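S.K.: If you want the building blocks of each chain, they are given just below.
There are 4 protein chains.
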Amino acid sequence: MKTLKDPIHGNIHFSDDEVRILDAPELQRLRNIKQLGLSYLVYPSATHSRFEHSIGTYFLANKLAASLKLSKEDVQKVRLAALLHDIGHGPFSHSSERAILTRFDSKFSHERNTARILKKSPISDYLKEIGFSGEEIAKIAVEGKSKFSEIVSGEIDVDRMDYLVRDSYYTGAAYGTIDLDRLIDTLQLKTGRLVFSENGFSAAESMVLARYLMYPSVYEHHTTRIADTMFTYATASALEDKIFTPEELYSMDDIELISRLRELEGTPAHLVERIESRKLYKRAISFSKEDLGKSFLKFLRINPKQALKLERELLNKCKLSAGEVILDIPDPLYVKEARAKIFWKGKIRELSNVSPLVKALSAAQWSYWNIAVYCDSQNLGKVQKAAKKVLL
Amino acid sequence: MKTLKDPIHGNIHFSDDEVRILDAPELQRLRNIKQLGLSYLVYPSATHSRFEHSIGTYFLANKLAASLKLSKEDVQKVRLAALLHDIGHGPFSHSSERAILTRFDSKFSHERNTARILKKSPISDYLKEIGFSGEEIAKIAVEGKSKFSEIVSGEIDVDRMDYLVRDSYYTGAAYGTIDLDRLIDTLQLKTGRLVFSENGFSAAESMVLARYLMYPSVYEHHTTRIADTMFTYATASALEDKIFTPEELYSMDDIELISRLRELEGTPAHLVERIESRKLYKRAISFSKEDLGKSFLKFLRINPKQALKLERELLNKCKLSAGEVILDIPDPLYVKEARAKIFWKGKIRELSNVSPLVKALSAAQWSYWNIAVYCDSQNLGKVQKAAKKVLL
Amino acid sequence: MKTLKDPIHGNIHFSDDEVRILDAPELQRLRNIKQLGLSYLVYPSATHSRFEHSIGTYFLANKLAASLKLSKEDVQKVRLAALLHDIGHGPFSHSSERAILTRFDSKFSHERNTARILKKSPISDYLKEIGFSGEEIAKIAVEGKSKFSEIVSGEIDVDRMDYLVRDSYYTGAAYGTIDLDRLIDTLQLKTGRLVFSENGFSAAESMVLARYLMYPSVYEHHTTRIADTMFTYATASALEDKIFTPEELYSMDDIELISRLRELEGTPAHLVERIESRKLYKRAISFSKEDLGKSFLKFLRINPKQALKLERELLNKCKLSAGEVILDIPDPLYVKEARAKIFWKGKIRELSNVSPLVKALSAAQWSYWNIAVYCDSQNLGKVQKAAKKVLL
Amino acid sequence: MKTLKDPIHGNIHFSDDEVRILDAPELQRLRNIKQLGLSYLVYPSATHSRFEHSIGTYFLANKLAASLKLSKEDVQKVRLAALLHDIGHGPFSHSSERAILTRFDSKFSHERNTARILKKSPISDYLKEIGFSGEEIAKIAVEGKSKFSEIVSGEIDVDRMDYLVRDSYYTGAAYGTIDLDRLIDTLQLKTGRLVFSENGFSAAESMVLARYLMYPSVYEHHTTRIADTMFTYATASALEDKIFTPEELYSMDDIELISRLRELEGTPAHLVERIESRKLYKRAISFSKEDLGKSFLKFLRINPKQALKLERELLNKCKLSAGEVILDIPDPLYVKEARAKIFWKGKIRELSNVSPLVKALSAAQWSYWNIAVYCDSQNLGKVQKAAKKVLL
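Protein chains in written order, with UniProt numbering: chain A, 1 to 392; chain B, 1 to 392; chain C, 1 to 392; chain D, 1 to 392.
In case anyone wonders, no lab produced these hints; they're calculated from the structure.
Quick caveat, the model's predicted, so the values are computed rather than measured.
Please note: incorrect hints may appear among the correct ones.
Since the list can't tell identical chains apart, any single copy or any two copies may satisfy a pair.
As a list, the in silico EDC-like pairs of lysine to aspartate or glutamate whose alpha-carbon atoms are at most 20 Å apart [unchecked claim]:
1) K63 to D181
2) K279 to D16
3) K347 to E198
4) K34 to E276
5) K279 to E26
6) K282 to E198
7) K63 to D185
8) K289 to E198
9) K34 to D6
10) K345 to D291
The whole structure should be built from the sequences, with the hints applied where relevant.
M.R.: Printed below as a string of structure tokens:
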């Protein structure tokens, strides 16, 4: 048995079998992957890793599974799924994933990569040895195909419980505070679904609110978005230049990716250097849902190729070369937690149907969504003009 | 100079002049008045006093006044107003106030009592000695008549900043977490109004949300409401029986009121004994805004006499005697913070006009409002029936 | 089942049987007994009650008993003992106890009172009903006669784990921080003794250090000592005047004692009024172990009668009347934790034999011990002189 | 003006001049240098960087300088010195420094490197621009030659205040808790020395105790020591093979050093790979001060060459090749804080002369000191034997 100390959950215990997984290179790699990617440029203390988050998720999964009174074997499965749910993440978490999704294969998400590793890797062999199949664990961890999927990867799951509290602890942003005890105490299994009991209402609401508040302050902070977009651009360029394959990229840690990019020449290296010396691009212009009016829907459904085309148009209009203007179109906003289930006056209902606040919030969240164009400060004027013509 | 240690704000410093006020019996009395009244029956650790809250408010007032770059003299006024803003509170905070407001004089609020003490008491003499007038301090502290009123007693003021964080710390309810630093950093004075700058948006929103979440979990927890209502009833009876006057009541601390009520006979003593031995009444029935339908508005505007009449009808219908059925009609809900000002795209606007979430929340809050009827568990059935007839 | 929220340990769960005990008047009384007596005069926020501490101790007892893998029945006994270990405490905790011990019966400690209640009271009847005997619980809780006594009341027990952390949380004094997780994880039962494993060394040391640091800052803060001594004097006078008996005193809560004393005339009332208006006596003089030289041992073994005689001598010398000079001779210091057991290189040893620091600390603690004489500020000079003559 | 959020100190404000320094590559480099080197292998969450620590130190320096009422210009100097005090640190903090000190130049410490950068680098130019000289700042920050040196780099300075609290926050080890408010409030300048006032005694003691407790739990955790020693060995080998110069090494960040070492062949790469895959060496044997007896003094004064010679002897005896056995002789222990000054009964005295506990602790600390020999688990037996012969 081994004990690891976590500043959030306290002592976390692992069985001998689990220690072997913990020490596997696939999981150790997560030590060098920052949970919040480049957010540390805005929140200097946000240096925490996916590894910590993985063991935190494992801790909560065990607590929730025990509270749900699952069988000993099922508890073990859920623990393993939680511990391994993020092994498919690439360097800087979502930055590398986005480079792959937009420039290479829009299906090759980190979840799919997690499933791939669980099904075929030294870890899957080891899982077999101790009596579990990687397929089974993948179903719980990322594929949503098990009756226990909702514990690790549902609407209100232990994954997001851990990251909200953890990201709040490390950034110092006060907004991620949620009542973990109450969330866990009021979740129950009803006809195969993970459902809040009625007295978990406030705890569930508060979790949705916490994420709502963390969104503009942390997850989509405008400066972080600029740095992320620049970094994704650099990584995508390296992918296109076949410096490394998507599979290779997914298997790197932050250290390897950064040092590979530092060695390159041209645009990618230039962008990385700017990020590292904090000479970030500026936002030339941004368009909110309202600003976009009718064309909003177009941007909502845009595919990567179309987005690249628009970016090229901008470059041409401004007579700038590749990488000097970056167009940032975020994914549509979708408050997944709004669809969490609650047992309300005798029926299982969706949280947003019971809580006017959660409903309001699903709409309000859009006020944070916008598309933006970034460039060097000396080009702001002409890029602004061009963007209005090309995008509106 | 004196330093007091506060678990929330750390060391709090007082000048010699302020120490004299701190040591005055009027302020010392607040040590024996629980900030959250009878909430400690639900949250055992909620034993904190108005005194701690007063010095916490003083700490934040000083910080905000300094950040607003007020003159040295104005800072001093604001500090004094914050320190003294609650000296008019009676025992168990809102319980005694409610007894006075409903049975004696609907204008004799604790704020008015604070103003009364500030204007005529040893404290007002002492304020004069050190160069300030009680009238002036009252304007800032409770009367809303000074340009600095909004700091201590506005929509988003240091009073509620302190109590949200403090009540959260002492109850253990996670929901009161707000970013005090950011709230203070982003507040500014614009044309005589306290206004958030645009980048204070999330901090302001989070404060409204914090209070929204604290409402059902702490401030209007259903068990606390039952105990409060019973206690208010007992106190009101003593007032009616002229055991003490409203002025005397306001000048007591928790200890004196409890021991006075323990000594009584009849209903008040009986209710107090039930509270102290945790044999609380049960909720026979409650009616939400929706349940009430058209009569909702009637209850919203009900005056104390009308409420008493309804309660008597209930008693008669059930053939029970005074105090055996209690009707609880809470005040209308009003999210004061929604009207906080924010400087948004060049204009001063109300928070609820800028934040769809705050707007939604002002409505959502009503889902927590209901009128309720309490009685001993053996009378639940007949009281339920009677309540439907009398109230709907 | 019932859940109570604690800001320190989070959600605490009670079985239905335990809820009945929780709701018994004997335990509810502890809600109105401040854990730290008059310390709130120095630390305004130290208003927490013995009730909270009792449920916190219960929480830790359960955790430790589970970690020690006790049988289900033994775990239950330990839980009950922890929950009930403080029901014998009188108002203001140690102040009332000290009045009884010094003026009435030096054997009638709060522990003995706890045992008395456990053995004969509605609680002992109820314990019988659910299959436990009060005698048995008393053995664990306060009498040190069970193999489980050390869990609740040993050298390093859950009682002091809880109060160190709790007193630190409520006072804001940073010194009570200990690693609860590690303490519990490294305690084990060896040949019927509660023993730290070798890797619990730092955690055990830190606990001794925490208490050492809390001693002068909180537990024996010089201002608190003055207030405590005045209050004890007032209470002892009332006992001597047969205003109430020791048994009656032990059954009061803070509210009742304060209001009884407020009603009295003469010295007790006068002292209480001074405490409540913060016009505390001043320290005329104090003598450390070094100052006392050879007479140190005399004071160490002094009995209450001898102490009273010395106090009277002081009064006579200064021509002052009873209560105007108070002599404060604290109990000898004894670092109980120093004798905690640790399994060190194959043997069970005492902590102070293994840790040079703990050894040093047992001696260092004496630097905080002194006898002191208190009086009104206008009498300081003559009392000082008299004290030197009478005490040295 | 710029504001950064810190989870420990809250909002930290920087002037425009300071922002330029903050954004300089020399300071930004610290973002990629872990404060606790390889401790994250034991405490997964200890991923915090020297950058955060630098701004935390800056925050406390400003607070202390203000509390000492220094002139505006002196406050500015102290702020700058605090912000820059660690820019000379190499990758993985003490690991790279140790490689340089033992294999290259025992005088080329990170402090000297800090001074070097402050005196000649773009930062020194910039300091000149805003009216300060790098020489001056170096005197305060690392050279101990200014009357303000003790604020940033003395016995009890803001540097160690910040790192104790920060390391505790990030590891979750409870022992680093100190009362920052009180430390700062009770420090004063007396005849040019930084001195605690008498009522700072407990706060000062607690700081020494905190570091004492952090020592075995965090700073010299046995596993961390093994990893550190292996890493230092790998780095030293690369230095010896002239892969990079000491100056180049000092200018790297963690990312660059790790990726450079990963690229190497032979022993260094092998050791790094073992560290990264958590296949750490085991401790074959260790000798405490007591075990060493008379030869203790020899090890205390050993120089790097002598240590290397002993290590080679061990290798020869075991017929193993370079890097397969590592001898770890830590620096002598020296409780610098023990010499902090306190104004005690009218005189400036050293803390260890006033506090028996601090005195005891200076001795007790040695119980944690030992020399150790590490190797692969399969060689434990023969290395043990050899070590006894060679070292005793």
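S.K.: Of the hints stated earlier, which fail here?
M.R.: No numbers; nothing is violated.
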